[in-house]
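Peer 1: Below are the chains, spelled out letter by letter.
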Amino acid sequence: MDDLVTVEAVSRQFPLDHNYVRALDNVNLRIAPGEFLAIAGPSGSGKSTLLNLIGCIDKPTTGRILIDGVDTSTLSPTNLTALRRVKLGFVFQTFNLIPVFTAAENVEFPLLVQGFSSQERRTRVAAALESVGLSARARHRPDLLSGGERQRVAVARAIVHRPALVLADEPTANLDTHNATQLIDLMHDLNRTLGLTFLFSTHDQRLLEHTDRIVRLTDGQIVSDTHTAESLNPNVLNPQVFNPHDSNQGASHGQVLAASL
Amino acid sequence: MAKFLLLAFRNVFRNRRRTVMTLIMVGGGVTGLLLAGGYFAFMTRGLREDTINAGLGHLQIFTADHFKRDEVRVLDTGIENWRQVAATVSSAPHVRGVAPRIDFYGMASNGTKAVGFMGSAVDPNAERSLGFRSRGLVGRDLDPKPGGEVEAILGAGLAKSMNVKVGDGLTLLAMTSDGALNGVDVEIVGIVNSGISELDARYLRITLPAAQRLLQSDRVTNLVVGLDSTSNTDLAYTELIPRLNGLSQQMTLKKWIDLATYYKQVNTLFNGIFLFMGIIVFFMVLMSSVNTLLMAMLERTREIGTMLAMGTPRTWIVALFMLEATLLGGMGAVVGVVGGNLLGAILNSAGLHMPPPPGYSVAISFKVLHVPAIMVGASILVIFSLALSSIIPAIRASRLQIAEALAHV
Numbered sequence: 020m021d022d023l024v025t026v027e028a029v030s031r032q033f034p035l036d037h038n039y040v041r042a043l044d045n046v047n048l049r050i051a052p053g054e055f056l057a058i059a060g061p062s063g064s065g066k067s068t069l070l071n072l073i074g075c076i077d078k079p080t081t082g083r084i085l086i087d088g089v090d091t092s093t094l095s096p097t098n099l100t101a102l103r104r105v106k107l108g109f110v111f112q113t114f115n116l117i118p119v120f121t122a123a124e125n126v127e128f129p130l131l132v133q134g135f136s137s138q139e140r141r142t143r144v145a146a147a148l149e150s151v152g153l154s155a156r157a158r159h160r161p162d163l164l165s166g167g168e169r170q171r172v173a174v175a176r177a178i179v180h181r182p183a184l185v186l187a188d189e190p191t192a193n194l195d196t197h198n199a200t201q202l203i204d205l206m207h208d209l210n211r212t213l214g215l216t217f218l219f220s221t222h223d224q225r226l227l228e229h230t231d232r233i234v235r236l237t238d239g240q241i242v243s244d245t246h247t248a249e250s251l252n253p254n255v256l257n258p259q260v261f262n263p264h265d266s267n268q269g270a271s272h273g274q275v276l277a278a279s280l
Numbered sequence: 111m112a113k114f115l116l117l118a119f120r121n122v123f124r125n126r127r128r129t130v131m132t133l134i135m136v137g138g139g140v141t142g143l144l145l146a147g148g149y150f151a152f153m154t155r156g157l158r159e160d161t162i163n164a165g166l167g168h169l170q171i172f173t174a175d176h177f178k179r180d181e182v183r184v185l186d187t188g189i190e191n192w193r194q195v196a197a198t199v200s201s202a203p204h205v206r207g208v209a210p211r212i213d214f215y216g217m218a219s220n221g222t223k224a225v226g227f228m229g230s231a232v233d234p235n236a237e238r239s240l241g242f243r244s245r246g247l248v249g250r251d252l253d254p255k256p257g258g259e260v261e262a263i264l265g266a267g268l269a270k271s272m273n274v275k276v277g278d279g280l281t282l283l284a285m286t287s288d289g290a291l292n293g294v295d296v297e298i299v300g301i302v303n304s305g306i307s308e309l310d311a312r313y314l315r316i317t318l319p320a321a322q323r324l325l326q327s328d329r330v331t332n333l334v335v336g337l338d339s340t341s342n343t344d345l346a347y348t349e350l351i352p353r354l355n356g357l358s359q360q361m362t363l364k365k366w367i368d369l370a371t372y373y374k375q376v377n378t379l380f381n382g383i384f385l386f387m388g389i390i391v392f393f394m395v396l397m398s399s400v401n402t403l404l405m406a407m408l409e410r411t412r413e414i415g416t417m418l419a420m421g422t423p424r425t426w427i428v429a430l431f432m433l434e435a436t437l438l439g440g441m442g443a444v445v446g447v448v449g450g451n452l453l454g455a456i457l458n459s460a461g462l463h464m465p466p467p468p469g470y471s472v473a474i475s476f477k478v479l480h481v482p483a484i485m486v487g488a489s490i491l492v493i494f495s496l497a498l499s500s501i502i503p504a505i506r507a508s509r510l511q512i513a514e515a516l517a518h519v
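Protein chains in written order, with the numbering used here: chain A, 20 to 280; chain B, 111 to 519.
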């Protein structure tokens, strides 16, 4: 099976005063479609940097990253934006919901950006909120939701357009044990039932216990890459082929995926 | 698009206190412009009607050669058969009446001193029927009855320089049409103070028959046309042009605005002041809004980063900020228009008066006109100013580095 993500000899340096700090050092990683993979490591080990690079919101100093076989270093900013829009979903540590939008409107936003019809948006938003168990809270604004609920809305927002890869940066860091466990179960469930590929950074042991594959980073280098028995997931959907030269790609992609909702 | 508009609308009210302050500032600017513009409109309208009713009329008819005339023998280029011309004009729609005039020059002597004057010969009945009145008249107006003493009204400056008063006599000297010097004795029945010292120093008015006798001519220099309303000036002008073209003598028709030099100067001055105020409001809104919108952009850095991470095109971010600013400008304009009209109505009902301007002895009432053009203009000004002020914050927001924006605290 072709890899969904290929990280080839990637390094990332950041300027600091008159020197450079190497956040990632010659990292190589392959992620297959349908994986549920955790990047673990202590603070400052480079977890978020690696996620940012795979999420195409930062660029490596050296090396290259391929998403669905497309070398992201060759894409223009417009095509990178289109790739993120179609192929990726993001879950953030601090939820990052739009505070003036309701839960449903937040989930709808990625579909709006992709140009889905209003009917299609309604159907998909209802299904996404249903899948995270928040149908009853659809009309609530984020400030009226608990931390766990907000993060579940963020997960619904990340999966509503059926991306090939969902990136979650420390998704349980701001949640209590109960909500963290619920969120882990939810993400794992979505991974199994919908075949979505999840890649998240964490140092939360609770989350790691439920993870199929754990990549450990220390000082910007991968020190271990372990698989559990569940790691080979048979329920993998074929990822959509991304055309890097079509910045309008989205609506057709969504229409194809609608059938699987 | 509707969701995008909804997002912009809700973002406007995200920080209510700041939005209210911005609305007060924008609305205050619009209110200020409406009050100033409304007052200027009242003043210019008053000056316009004063100018017209002081004797200028709405339209004036001259011969085509009038403006090339010799100022000594003014009636050489006068209107020959003016009664026929007046009749032709009087039957036109919107025309309320026609008053013949002779504008002439001569010398006034009191026996010891002679001073040049600018004379205006009028038909008192025609002038009164058109509502023309002399401002600051001491004594009485001219007697329209023919025969008896020739009467004259002098400008205050001329009376002072000649050292004469009401009831005194003067001798007027002027060149007749055939080049001879003619004279007529007049009795001063009134002294007029127009408020314009240059005019008062030379002004003299007598009746039309007296002037025709002095100038030895039956002609008049011009016919003053009064209309039912100033707003019908253009209509009447268009109607009268073909009628005048059908006459044997070639005529020229002038609108009041072409002859009201003082009005035009005042109007230009008011327009200049209003333009200056508009520029101040524009920059006041622009500068303060840039700061407000930059603050809003900084507060939403992480949110913008999130939107960009989700693949939102950067042009959408620019459009969102500009839309928010435009909405804010629109709401500020509504607040300003409502506030300005309300405040204007309150001021109008308060019966306020302004001190008398130079040359006036009575206070002028303070009124604010509700002028739709000013409302629209002021609204467009602040909306444009706010949209312009959002460009820098919008571009800065759209150029945020996503990873840095997401890490923003």
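To be clear, the hints were calculated from the coordinates, so they are not data collected in a lab. There could be a bad hint or two in this list.
As the list claims (entries may be wrong) - If we take Cβ atoms under 7 Å as the criterion, some of the chain B residues that face chain A in the derived model are: (1) A118; (2) N121; (3) R124; (4) R126; (5) G156; (6) T416; (7) M420; (8) S508; (9) R509; (10) L510; (11) A513.
Beta carbons are placed, not taken as given, at the ideal position from N, Cα and C, and that holds for glycine.
Peer 1: When the nearest CB of chain A is found for N121(B), is that gap smaller than 7 Å?
Peer 2: holds (6 Å)
Peer 1: Interface hint check: S508(B), Cβ to nearest Cβ on chain A, cutoff 7 Å. Holds or violated?
Peer 2: Nearest chain A Cβ about 11 Å off; hint violated.
Peer 1: Given R509(B) as an interface hint, is its Cβ closer than 7 Å to any Cβ of chain A?
Peer 2: violated (11 Å)
Peer 1: Do the numbers back the hint for M420(B), that is, is its least Cβ distance to chain A under 7 Å?
Peer 2: holds (5 Å)
Peer 1: Let me know if the C-beta of R124(B) comes in closer than 7 Å to any C-beta of chain A, holds or violated.
Peer 2: holds (6 Å)
Peer 1: Is the hint on L510(B) kept, meaning its closest Cβ partner in chain A is under 7 Å away?
Peer 2: violated (11 Å)
Peer 1: Return the status of the interface hint for G156(B): holds when the least beta-carbon distance to chain A is below 7 Å, violated otherwise.
Peer 2: G156(B) check fails; min Cβ-Cβ to chain A is 50 Å, beyond 7 Å.
Peer 1: Interface hint check: R126(B), Cβ to nearest Cβ on chain A, cutoff 7 Å. Holds or violated?
Peer 2: violated (12 Å)
Peer 1: Given A118(B) was flagged as interface, is its beta-carbon under 7 Å from a beta-carbon of chain A?
Peer 2: Result: violated, 10 Å to nearest chain A Cβ.
Peer 1: Once the shortest beta carbon distance from T416(B) to chain A is found, is it less than 7 Å?
Peer 2: At 4 Å from the nearest chain A Cβ, T416(B) passes the 7 Å test, so the hint holds.
Peer 1: Under 7 Å is the threshold here; is the Cβ of A513(B) close enough to any Cβ of chain A for the hint to stand?
Peer 2: holds (4 Å)
Hints 1, 4, 5, 8, 9 and 10 from the earlier list are contradicted by this structure; the remaining hints agree with it.
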